[in-house]
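Chains as they are written, first to last, in this note's numbering: chain U, 1 to 258; chain Z, 259 to 627; chain A, 628 to 890; chain B, 891 to 1237; chain X, 1238 to 1534.
Incorrect hints may appear among the rest.
Straight-line Cα separation of at most 20 Å, DMTMM-like style, residue types lysine to aspartate or glutamate; simulated pairs [said to hold, decoys possible]:
id : chain 1 : residue 1 : chain 2 : residue 2
1  : X       : K1402     : A       : E748
2  : A       : K646      : A       : E704
3  : X       : K1426     : A       : E863
4  : U       : K229      : A       : E759
5  : B       : K1134     : Z       : E432
6  : U       : K171      : U       : E63
7  : A       : K680      : A       : E748
8  : Z       : K451      : Z       : E432
9  : Z       : K451      : X       : D1239
10 : X       : K1425     : A       : D702
11 : Z       : K528      : Z       : E515
12 : B       : K1013     : A       : E722
13 : X       : K1530     : A       : E722
14 : X       : K1529     : A       : E722
15 : A       : K709      : A       : E654
Calculated from the structure, these hints are not laboratory results.
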Amino acid sequence: MVQLSCSDIQLNFGGVRALSGVSFEVLRGEIFAIIGPNGAGKSSMLNCISGLYHPQQGKVIYEDHDVTRLPPFERTKRGMARSFQNIALFKGMSVIDNLMIGRHLHQHSGLISGGLYYGPAQVEETKHREYCEEIIEFLEIQSIRKSIVGTLAYGFQKRVELARALALEPKLLLLDEPMAGMNLEETEDMVRFILDTNETRGITIIMIEHDMGVVMDISNSVCVLDFGKKIAGGTPEEVQQDPNVIKAYLGDEDPEGL
Amino acid sequence: TIKVGGLWDLTGATADVGKPFADGAQDAIAMINEKGGINGKKIELINVDYAYKIPQAAAAYKKFVESDKVVMINGWGSGDTEALRDDITKDKIPFFSASFSGHLTDPTKTPFNFFVGASYSDQIRGFLDFVKKNWKGKVPAKVAFIYPNHGFGKAPIEAGRQYAKELGIELVHEEIIPTPVQDVTSNLLSMQKKSPDYAYVQTTVAPCANLLKDAKKLGIKTIFFLGNYGMTEALPKLAKDAAEGVYGMATHAAYGENVKGMKALLDWNKKHSPKAERDTVYVRGWSYAVVWAEGLRIADKNKQLNGEGIKKALETLKNFDTGGLVPPITYTATDHRPTTKTTVYVIKGGKMTKVTDMETPRRKEWLGL
Amino acid sequence: MLTISNAEVIYNRVILVLKGLSLHVPEGKIVALLGANGAGKSTTLKAISGLLKSEEGEVSAGSIEFMGERINNLDPEDIVRKGIFQVMEGRRVFEDLTIDENLIVGGHTRKDAAGFKRDKELVYDYFPRLRERRNQLSGFLSGGEQQMLAIGRALMARPRLMLLDEPSLGIAPLLVQEIFQLIKKINTEEKTTILLVEQNANIAFSICDHAYIMEGGRVAMSGTTEQMKSNDDVKEFYLGIGEGKEKKSYRELKSYKRRKRWL
Amino acid sequence: MRCGDFKTSYSADMTIFESNSARVMMGLFLCLLFSLPLYTPGYLLDIVNRIGIAIIGAIGLNILTGFTGQISLGNAAFMAIGAFSSGYFGTKFGLPFYFCIPLAGLMTAFFGMFVGIPSLRIKGLYLAMATLAAHFIVEFLIVKWESVTGGVAGLSIPAPKLGSFTLNSDARLFFLIFIIVIMAVLFAKNLFRTKVGKAFVAIRDQAISAEVMGVNILKYKLLSFGISSFYVGVAGALVSYQAKIISPETFPVTVAIDYLGMIIIGGLGSILGSIYGAVFITLLPELLRLSTSALAGSFPLLVAKLAATKELVFGLFIVIFILFEPSGLAARWHSIKNYWKLYPFSH
Amino acid sequence: MDITFLLQLIINGLVVGSIYALVATGFVIIYKASSALNLAQGEFLMVGAYICLNLLSKYHLPFWQAILITFVFSAILGMLIERLILRPLIGSHLISVIMVTLGLSSILKALIQLVYGTDTIPFPEVFPSAPVQIGPIPVSQGYLYAIGCVTILVTVLTMFFKYSKTGVAMRATASSQQVALTMGISVKKMFAISWAISAMVSAVGGILLGTIRGGIDMSLSFMGLKVLPVVILGGLDSILGAIVGGVIIGVLENLSGGYVDPLVGGGAKEVAPYIALILILMFKPYGLFGKKKIERV
Ligand SMILES: Nc1ncnc2c1ncn2[C@@H]1O[C@H](COP(=O)(O)OP(=O)(O)OP(=O)(O)O)[C@@H](O)[C@H]1O
Ligand SMILES: Nc1ncnc2c1ncn2[C@@H]1O[C@H](COP(=O)(O)OP(=O)(O)OP(=O)(O)O)[C@@H](O)[C@H]1O
Ligand SMILES: [Mg+2]
Ligand SMILES: [Mg+2]
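Given these sequences and hints, build the entire structure.
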């Protein structure tokens, strides 16, 4: 079943054509990878889906609704969550507070009851705190729970990004290079988290990644962009064989060697 | 000792005149103390610089009244005097301010407020009388008022409007000027469209100088009259030749002027601060202190050295003479107009030159206006 | 050329991050620094380049010597003038400046106008994508393009010792190869010594002469590239080569968990 | 010895006070505070009252500037709106103060939200200048709208009455002010433990990712302007009761700058910091004034120099504080507290 | 409609705007190197004017010498301030930096007051006082000098920031101090240079204002506040914007003073810049020429 479909997306920045006529469909429950050379428009594509950019042309249909013109927070309400390529955490806050902001949409106590705190607001606050602790446990970041995010090492920040996105309880998770800056072992951990998220929580995942080993191993389908155009799409195996992809992106060498 | 509060602006927006005023008052008290004080009691002047900030004035006032237990206060500006008005009445503390606002003269409304000199309103009336007397034209004289939009600026305007009407002088224009010194060309151009014969300017000396320079540049023919904070010795220094031929209403003698009371000031300064440059605002501060010290003396003699006693004592002053520093001062229980006499000066050759004395009648309906 | 001995680094006066780190970078060589997240690799580089100060950190013990001269706690600008240039982690370009201007700033300490011009062209030759956009604000570049710019900027400075913090971060595979070839080229042709922090051990080993592995603020292991490559632990945890020489699929990993640390 | 973090439940981890002893200390402090009028002379109490008002205003500004990251130079104007609307309702309709004060807050909140509308597009220093512009426009309107504000002459405010009981002394006003201060502090503290407050901080730190987290930026920015202005409006209303006469001159732009000083010296994004800052900035000129006038008594001729010296010292204090405590008094307080908590194992 | 009146207002606005532009340039220079707003700019102007006054009337130096020495003093002042106050704040919160400049303004004001007192002091006439007729309106010569200075400054500064290595390095510093450090840029030096230049530019403004007005006092520092809308209107980081903003505000003030003030009874001249500011920011949130801040993830 199609959960998200993008059709004929076109995005220009002044003279720069970031995306021209990109279309693809993402099925519910799959891991969908977007790959392509630098500056191909992958992040831009993700921004179009999450609503930070509004394409000049084309449609984003999410769960049978046209969301092309909706602002980001509206899409979040409908179950999208994302992480960022250039980490965009709330640097001055602790990890747990970052996650609690992820709970924003699920909390309903308003201004007044929040200001009075004792009573419903407190109950709610505790409940959501528990939820965040679950995620913390899941991602094995207990030890840094109260650290200020800005002081964490890059790899941990990436993990917190994932945690924060999970706190939103999304139905569709958009990840922009989740494995960047991790060594093999950490990449393996991250893969494990992503697969668990996908399988046990049933969350659809759209992922941009340059680590071909990971992409080929875990994604169900792949879309390849180059110069803002979609040059290939299909299962990882199909894409891997595609001469265009090899020429533009993978290089002649065996990707495993990297 | 007799404790008196001194609320000055030494660093705030009006420090250019606030400082010499405070100097004058403080020097006068120092001299009085040197000469033995009030019936043998020294006056202790508790000085506070409130930097023209109203909350600070209010705090200082409370401290004066509640902790220092002063018997009276010498204050300064319009804003703070207004803000303290009700407290003053409630606490029964005689309050001298350097705001010559006409509406402080009605004891039924502000029984404890005093000042020393002709009110702003009487100054503008003096100006209008002068115009009436000297106007030779066929059609009625045309005047304009120029003032900034705050308490001090607006204080004489209503009185001026009414009196101009009464005298048959045509008030053709009122121009409101911006407060800190700025280019006022556009204001003068607006005024010029009505081509008034005279313009009365109610503001302090630095903006006056600025205005006169712009007026000279534009070649404006109107004759300018300045209020008592505009016409000071500083004017010709600042405005240079643009000040030439400008008139002003003075309430106090110029520093060094040949009057009986000036000797004390000159002697004091020769001895204590020979280098200081003094002006009429200094004389003003001095004369204030002399007047209220007299009030203290009488009250002390009556064994009533408290707010009400001092008020009563002041209200017995009749043509109290400071030796010509300010025209004779009279307060009564029903009328706090100290005097209605003013002096018209003109700048000639860079010097303030006396033209004539003016006196407006003490009309009943003008009390508090 | 660069010798760090027993260095300790403290952040905010309390958080001890480097706990007696020693490291040596010989002249003209490429040395790689590997290690897990939070091991202190970036901190090491910042300690060398003098950047700790601006993050409330300080080298509290030990020494850092460059060409026999102690450089701990010198100001960053002086360190750059001595010929050490750092490419910071996470593509820190001047977003409000154009690409061209970024390169100009990169060569800030240089005096020779001719070489300056030549090198700028050189950078554009290496990264044609940047030339296309030379007058565009660099804040609008894609992540990978910014990384290219950051490396290009380092080339402009012609340093004697270049510190690279994860140059492959966010770079597409094809370009990763090119960049590492470029690094090698800079090393051999320009005689620039290089200290490289890299997560991708495979590619790091393909160009480096020596490697250090960091763990919790200390060096856990070191040796020449050959020695490292043949170490079993390194093979398993950094190169992903299991017992049977066969690389496992990531999908199979998820069911179990393991952690091995040297220290 | 209290050492480390031994919380057993999440709600315990989220309380305001870290321990029971902290609670007791707070109780003692409050008793001490509310007994102040018993032994404090009026003029000192007047300063205390002004501190109280400043605390409310500073928390208000800190909510907007410190927590939400929207620099505002419009505080004086917001305060003026609070003061004049409270004065207007009180004098024209004879409403009692317990209606006037919240009404003043609401009016100001409304106005603040209006000023906040452009904040979605206008940011940083540009927004700061837009609020400064709002200040001058409000000042202009107050001067011109004589029928409501009394123009340059201002409004005379009758003392607040509770039935037949008139709050006409500093001591009585003290209770009014400090009860509101306590409510204001508690409300703000709680606010930042819950959703709305955290959304503010998120907007400050990273507006874009806050939006992706589902925070409606415009709504929350407006809310922040609203709450902040509500606080400031209430402070303004209290100023009107304290000053008895309010005019445009009561709220010059320097007031806004003083408030900015309070939250910076106290600590941006810290409720406790707002309190420290308010105390410091209100006391400093008083202390300087007291010390200069003490000196002036013995050296009257020096008084002019002393006046300038006072300004000099004021400037120096500000500069020195920011240089040595760039993150504010509250941060210093925390690090001292933490140091002693772990003493002697503080390293 | 009275065309002469209109023309008079416009021309007067243009020339008055030239002084605004000059002072605004001082703000922009500092902003470009540190992305901070120096709220003591008005005091810089005042200090410059007082120093020059002192040299002229106490030491009776010829005007050009006085100006040169004032430049030197201003530059030293700027660098001193950078050394003592700005340098320790490298990397701190923007608001802290701004607040420090406010503290600084208190200090400078107080120092001037300690030395010179609060009286308005006459300023020697360094250029002929006879106004020059421009079209229908006489204009003080001081303003003409201001126009001259502004023209030169814009050209020089624009080139400097665009093409010179130091200029670009300054902008880099404003963009990110930390990264600038890794480039070997001496952030301190960049700050020092920008503060020195800015102080010199302000001093020129002070001297011109002093001669135009005939006297200087503490109110001169008010110019700093007065020029803020100009800087914002033009765009904080745009030299050209400072000029255009100055001219717009100058003309606007005069027009509203001439046409609106009579209707509302004064005050319009002073608020008009602020109303215009808000209106323009609604459409151009970074002023007319300001660069948009990049917000990207
Ligand atoms: N806000 C923007 N303004 C101007 N140009 C932009 C903007 N965002 C992206 N671009 C341009 O669009 C192109 C695509 O950028 P995008 O970030 O989508 O690339 P990418 O595929 O994610 O690359 P990478 O793998 O390097 O992250 C780039 O050339 C970039 O310069
Ligand atoms: N400014 C800081 N303040 C406090 N702690 C810090 C700071 N910077 C780094 N740290 C801590 O120092 C440790 C090492 O960080 P560093 O960034 O050097 O790791 P790294 O090895 O580069 O990791 P990665 O591969 O993820 O980039 C981490 O635990 C981090 O939390
Ligand atoms: Mg990308
Ligand atoms: Mg790192």
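Outcome of the hint check:
Restraint check: the Cα-Cα separation between X:K1402 and A:E748 comes to about 18 Å, which is no more than 20 Å; the hinted pair holds. Pair hint A:K646 plus A:E704 does not hold up; C-alpha atoms about 26 Å apart against a cutoff of 20 Å. Between X:K1426 and A:E863, the direct Cα distance comes to roughly 50 Å. Violation of the 20 Å bound is thereby established for this hinted pair. Among the hinted pairs, U:K229 with A:E759 is consistent with the structure: their alpha-carbon atoms are about 18 Å apart, no more than 20 Å.
At roughly 32 Å between alpha-carbon atoms, B:K1134 and Z:E432 are farther apart than 20 Å, so this suggested pair is violated. Proposed proximity of U:K171 and U:E63 is supported: the alpha carbons are some 10 Å apart, at most 20 Å. For the given pair, A:K680 sits about 34 Å from A:E748 by alpha-carbon distance, which is inconsistent with the 20 Å threshold. Taken as a hint, the Z:K451 and Z:E432 pair is honoured in the structure, with Cα atoms around 12 Å apart against an allowance of 20 Å.
A hinted pair counts as satisfied when its Cα atoms are at most 20 Å apart, and Z:K451 with X:D1239 qualifies at roughly 10 Å. Distance check on the hinted pair: X:K1425 and A:D702 sit about 11 Å apart at the alpha-carbon level, within 20 Å; holds. Under the criterion of a C-alpha separation no larger than 20 Å, the hint pairing Z:K528 with Z:E515 is consistent with the structure, at around 15 Å. The hinted pair formed by B:K1013 and A:E722 meets the criterion: a straight-line CA distance of about 17 Å does not exceed 20 Å.
Note on X:K1530 and A:E722: the hinted pairing holds, with a Cα-Cα distance of about 9 Å set against a maximum of 20 Å. Of the supplied pair hints, the one linking X:K1529 and A:E722 holds, its CA atoms being roughly 11 Å apart against a limit of 20 Å. Restraint check: the Cα-Cα separation between A:K709 and A:E654 comes to about 14 Å, which is no more than 20 Å; the hinted pair holds.
The structure is inconsistent with the numbered hints 2, 3, 5, 7, although it conforms to all the rest.
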